Amino acid sequence: MQDIKAIIASRVAKEFRDGDTVNLGIGVPTMAADFIPQGVDIMLQSENGLLGLGPASASGEEQFDLVNAGGAYVTATPGAAFFDSVMSFGIIRGGHVDVTVLGAMEVDETGNLANWCIPGKFVPGMGGAMDLVVGAKKVIIAMQHTNKGKHKLLKKCTLPLTAVGVVQMIITEMGVLEITEEGFLLTEINPDYTVEQIRAATGAEIKVSGSLKDMTA
Amino acid sequence: MQDIKAIIASRVAKEFRDGDTVNLGIGVPTMAADFIPQGVDIMLQSENGLLGLGPASASGEEQFDLVNAGGAYVTATPGAAFFDSVMSFGIIRGGHVDVTVLGAMEVDETGNLANWCIPGKFVPGMGGAMDLVVGAKKVIIAMQHTNKGKHKLLKKCTLPLTAVGVVQMIITEMGVLEITEEGFLLTEINPDYTVEQIRAATGAEIKVSGSLKDMTA
Amino acid sequence: MKNKIVTAEQAVECIGDGAVIMVGGFASIGTPEELIDALVKKGSKDLTIISCDAGRAGLGVGKLLRNGQVKKLIASHVGLNSEVAYRTPDQPEIYNVEYVLVPQGTLAECIRAAGCGLGGILTPVGLGTAVAEGKETVMVKGKEYLLEEPFSADFALIRGSMADQAGNVIYNMTARNFNTVMAMAAEHVILCAEEIVEIGAIDPNHVMTPALFIDSIVGGAKPCRI
Amino acid sequence: MKNKIVTAEQAVECIGDGAVIMVGGFASIGTPEELIDALVKKGSKDLTIISCDAGRAGLGVGKLLRNGQVKKLIASHVGLNSEVAYRTPDQPEIYNVEYVLVPQGTLAECIRAAGCGLGGILTPVGLGTAVAEGKETVMVKGKEYLLEEPFSADFALIRGSMADQAGNVIYNMTARNFNTVMAMAAEHVILCAEEIVEIGAIDPNHVMTPALFIDSIVGGAKPCRI
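Residue numbers (our numbering), protein chains in the order written: chain V, 1 to 217; chain U, 1001 to 1217; chain C, 2001 to 2226; chain E, 3001 to 3226.
Errors might be hidden in some of the hints.
Using C-beta positions, here's what the derived DEER-type ranges look like [as the list claims (entries may be wrong)]: (1) E181/V <-> M2139/C: 23 to 33 Å; (2) A2201/C <-> S3082/E: 37 to 47 Å; (3) N3067/E <-> I1026/U: 21 to 31 Å.
If you're looking for bench data, these hints aren't it; they were derived computationally from the structure.
This structure is a prediction, so every number in the text was calculated from the model and none was measured.
Using N, Cα and C, we set each Cβ at its ideal position, and we do this for glycine too.
Bound-form chain V, shown alone (with noise of 0.2 Å):
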């Protein structure tokens, strides 16, 4: 399980360029932040007022008034920049973003993206997702392929949307598909899977790259 997330997140860090402004969801997408490789340096932004995010804080050395957007006391870096949630997402909104990768509940053929309630069941609410999907230039999602074998990446969403097309690229333990104009493209693999046990797991149609990478390479 460690290892599926491992996979995930040190593949999500290879979409970081040298000076990205990057926000990481809760969870995974927040590992990405270890797997960084050398001489590409990005800076997190937290939507709840920070740009310069560091790693969770030392136990005890927490400093009260600085936590990340999932409420979990962190650190600031050298350089880092404290602002209001008006500027933050004036910052999110505006495209100021470069990346920002998160979880989903669903994704659909079409970049459709749903991640913030399950009516009647599970309503925490959006926060900031809306916002981040429409407004950063690159939107990652990053999540295991199935929920415990049920498919999340259909061919049309059928829980309440987060946003309509939105979504370029899904990076999963299994592979790394992208968006198209004729729907999930399979560009790289995990070679501990194959193409067959990726449809299997996937509720739309795959087409598959003529030049399938090594998600792992």
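Given chain V, work out where chains U, C and E should sit, using these hints.
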């Protein structure tokens, strides 16, 4: 002439209430700050980004980054705050300025104001005037009653408007007029003038308050 | 100069039943717990709360929810309050509260719009989702935007790190969040600060909320341990 | 980390003919004179300038006007530049410049709208005046607002008091004005600062423009004596 300005400015100052946030235009309006009654404590807002505008700088003591909205070196009072132009006009448009005092080229009996250009001749621009008169809770025009004999208080403005129906009070060297449903209402008079003189100096009908007061008292 | 400094009890005395109240904070960081406590004690009912979130179970807005004082909650996220996030079919409206969920950037911007005298905002966020239902859209240069209306309030309860006696406020780190903008959008703004200093003790360049927005100042805010 | 520090000449090298450029400052306070000087030297033509004002005669934007580099000026006020304010019937367009005058709050807010990804602003300012001519209005809750479109630019030339090497900026006093918002609304932002310090030397609470907005940093800005 200095007397005329002092008469206007000192009467303007009586409109301020303790705790008010006030924006004063350049010229006679700015002079009102010198006549604020004892026990009345106001904060002056300057639209270039300052709450807590103080008097003009003493010669040789200018701070090169501190000017008023007229571009002249000024001081800041204790408890002042600096902010950017977006916040400054958020304050103004948002109705957080209690009183704004400006000069005018023309005011008409419906409260229309013209003070930003003479087409083909003098076109300095509206600067912050349009925002100020639309946003402030109370709009007072402080000016000489005529332009060397030419009417400035009119039935209908002839110059391009700054805003529609925004003026509540006009303070001149001759008297104090309020804009009412029935047009100009003279509520106070400078005893150096007669009502007939004021009528002759005004390009619209004037009603006279039943309880006409001495504006210099 | 007017004295703005009062106790928490005095500060919330004016908050009656049915009031619309903005509460600052994000995940209970930057939330004025002492003002919430006073409001719980006062017991005002049928409140409409506008807040980034629902606090945490028993923290921030969570206290008002538990105490049954809230009629309607307008927020972007309630997931950190475990008492609220899991709404099951047999418990559709926990605490009998009406929830209105708003994208966080839209919430911030619509509060700002009210504070800045704008008629609303034109945002691409929420188009094609449940958020857009029943709302007008406007085309600008061939692109569609959702027209979201301003959020204003009768009261704002905010929390600062340091304030001078006039009401100039400084916030610390991520505790700034919604406090600045809520101070602009409410009729009556109550600040709870950790430290109150003399006028002139704060560098005017560092002020984050200018004094004109603050009506009452309560001292003694404690660092919030979550 | 990318090195953002360059000379003024290097910084403006990318500004070609026909560029749309925002220039910070109010009455020449907070205007990056050294960047303007470099742009005068480079001689780029047919520029569209978006600025609060026209600088002063021979100062700020006034230098570009005098040098015939400006095709169009979008500003709220040009009265402090004596060469521009008095446009007589026989001199209708001094320097052959097209002037677009915009209320100052609308100018600031429309620049912000571009920087924040909003489709425009809904403002009551300008209704019933020449400013509203040819523009759409929108009714919200029975009140009319003018729809003003965003202002974006290819470049912003701004001036700060202090910056760190990453590009976090602090402004002094009233020199902040339009610099913060212009940094958000232009594709490429060039900062001229009085002092450049090490990363970590600026308190993150005091940063007024976060580093992500700044592309190039030029040192050596001199205090502006008007």
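Status of the hints after comparison with the structure:
1. E181/V <-> M2139/C: 23 to 33 Å: holds, 25 Å
2. A2201/C <-> S3082/E: 37 to 47 Å: holds, 42 Å
3. N3067/E <-> I1026/U: 21 to 31 Å: holds, 29 Å
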